[in-house]
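Taken in order, these protein sequences are the chains called S and Z. Read in order, the letters of the first sequence correspond to residues 1398 to 1512 in this note's numbering. Read in order, the letters of the second sequence correspond to residues 1131 to 1435 in this note's numbering.
Be a bit skeptical, because a hint or two may be false.
[What the hints assert, rightly or not] What the simulated footprint calls covered on chain Z by chain S, stretch by stretch (three residues with Cβ under 8 Å from a Cβ of chain S suffice, anywhere in the stretch; the number is not a length):
| # | region |
| --- | --- |
| 1 | 1149-1162 |
| 2 | 1307-1317 |
| 3 | 1406-1419 |
[Claimed, not checked] Non-contacting residues of chain Z with respect to chain S, defined by C-beta distances greater than 12 Å in every case (computed):
| # | residue |
| --- | --- |
| 4 | Thr1262 |
| 5 | Gln1322 |
| 6 | Gly1347 |
| 7 | Phe1388 |
Rather than coming from a laboratory, the hints here were simulated on the basis of the structure. All values reported here derive from a predicted model rather than from experimental measurement. All C-beta atoms, glycine included, are put in the ideal place defined by N, C-alpha and C.
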Amino acid sequence: MLEIEIDLYSGRPNPRVTLAPATAVELSRRLAALPPSPAIGANEPGLGYRGLLVTGLPEAAELRIAAGQVTLRDPAGHASARTDPDRALEYWLIETISAAAPSKLPPELRDALIR
Amino acid sequence: MLQVTVDVFSGRPNPSWVVADEAEARSLLREFSRERPLMAAAPTQDGGLGLRGLQIEPLSDELDKDFGQAAAGYLRLGPQATGRERELAERVLASMDQGLPTAASAEALPLETPLQEFLAQQLEVGSRVSATDSSGIAAPEAEEAAAVGPAVTCMIELGAFNPGFWNNDPTTRARNNCYNYASNKRTNTFAQPGKGCGRMYTAITCAEMTRASLCDGLHRRFDCFPDSEKPRYLVALVVAPGPGFVDFHWYRKQKEGFWGHKPGGTAARNTDNSGRVIMDPSTCDRGPYTLFCGYFYTCRSQRIA
Chain S
1398 MLEIEIDLYS
1408 GRPNPRVTLA
1418 PATAVELSRR
1428 LAALPPSPAI
1438 GANEPGLGYR
1448 GLLVTGLPEA
1458 AELRIAAGQV
1468 TLRDPAGHAS
1478 ARTDPDRALE
1488 YWLIETISAA
1498 APSKLPPELR
1508 DALIR
Chain Z
1131 MLQVTVDVFS
1141 GRPNPSWVVA
1151 DEAEARSLLR
1161 EFSRERPLMA
1171 AAPTQDGGLG
1181 LRGLQIEPLS
1191 DELDKDFGQA
1201 AAGYLRLGPQ
1211 ATGRERELAE
1221 RVLASMDQGL
1231 PTAASAEALP
1241 LETPLQEFLA
1251 QQLEVGSRVS
1261 ATDSSGIAAP
1271 EAEEAAAVGP
1281 AVTCMIELGA
1291 FNPGFWNNDP
1301 TTRARNNCYN
1311 YASNKRTNTF
1321 AQPGKGCGRM
1331 YTAITCAEMT
1341 RASLCDGLHR
1351 RFDCFPDSEK
1361 PRYLVALVVA
1371 PGPGFVDFHW
1381 YRKQKEGFWG
1391 HKPGGTAARN
1401 TDNSGRVIMD
1411 PSTCDRGPYT
1421 LFCGYFYTCR
1431 SQRIA
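Chain S extracted, bound-state conformation:
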């Protein structure tokens, strides 16, 4: 089951959305097409939108998509990173979440994340 946590709040709990299996397949396809990134980002952003945390993909125990970079820990525990040019994967996933669960990610919030 593909679950996305939109990592953005400090006081309130972050929104979590469960997406259809077909979205998981498409996400895996897009993920595999991304070029590797030379460095794994170490900086953790503070207040405001921090990225998307993905669970439920067979190839990734942990996956964070944020600010043009994808960091991944595979089921064996190995960490790697890929580049997300123009944040295309991140924005596609935000649009997908907003369309599938508008109550969790209403248009106003979606626009705040994408701008």
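Use these hints to put chain Z onto chain S, whose structure you have.
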């Protein structure tokens, strides 16, 4: 058997007890033997008044043979104690419940809950200081003071910045938010203002978040708490008003002079969104949290959930 003596009193004999349960004694000694660098051979002479340390001593030849010099010794406490030293001390103090008083401690306080609470409080106190918070003194937060009218001085507590407590354990880090951090109360519930008193906020505005926080027991700044409400931390509330992005956030003033905070399930820190150490939460880089709602005091009896 293992003997524990708490080096705390000046005039009265120190409390002391024996951990008679072999398994518990071995478990404690094993833990201490792993932290050998923290142990001293004897008490220091400059420990001062209050909780100074713990003396640990195996009372059987088997334990002495198995752990001996690797475990027996003196754990220094007091204001300079590290988080790990306090953790070890808490672990030992918990053994007091099942401990048997020693002959030497016959004149000391009985090994009852009040003594244990007193010692736990002493441990807690070591990492924080009390300070005055005056409305008449120019401070980064001076404009708040100006609105109060006649000068008011409240006593508050400032805790040492200890991000490891919130960050090292993934569960603690993920399940405690800015309100937990500001209140310095780990609940693992991602605490929400007003939930503790049964009237959680119904909108994220300064007015409604203030109402919910006061309902939990907080006071506005310069509405002083008595000493019985220690620790009384100075905290600041901000709000992200939207559009779209609507949330609240808290900061807590630390002993070192800067402010600490914990953005949601991420790491506790003392820097703002520009990476600068936070000296003034009303002017630091807060990203979308553009509304500064004001300063408050937390307190011991605060309800938080």
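Evaluated hints:
1. 1149-1162: This one is violated; 0 residues, fewer than the three required, reach chain S with a Cβ under 8 Å.
2. 1307-1317: Check passed, 3 qualifying residues.
3. 1406-1419: With 4 residues in contact (Cβ-Cβ under 8 Å with chain S), the coverage given for the region 1406-1419 of chain Z holds.
4. Thr1262: holds, 29 Å
5. Gln1322: violated, 7 Å
6. Gly1347: Check passes; 18 Å lies beyond 12 Å.
7. Phe1388: Label holds. Min Cβ-Cβ 15 Å, cutoff 12 Å.
In this structure, the hints that do not hold are numbers 1 and 5, in rising order.
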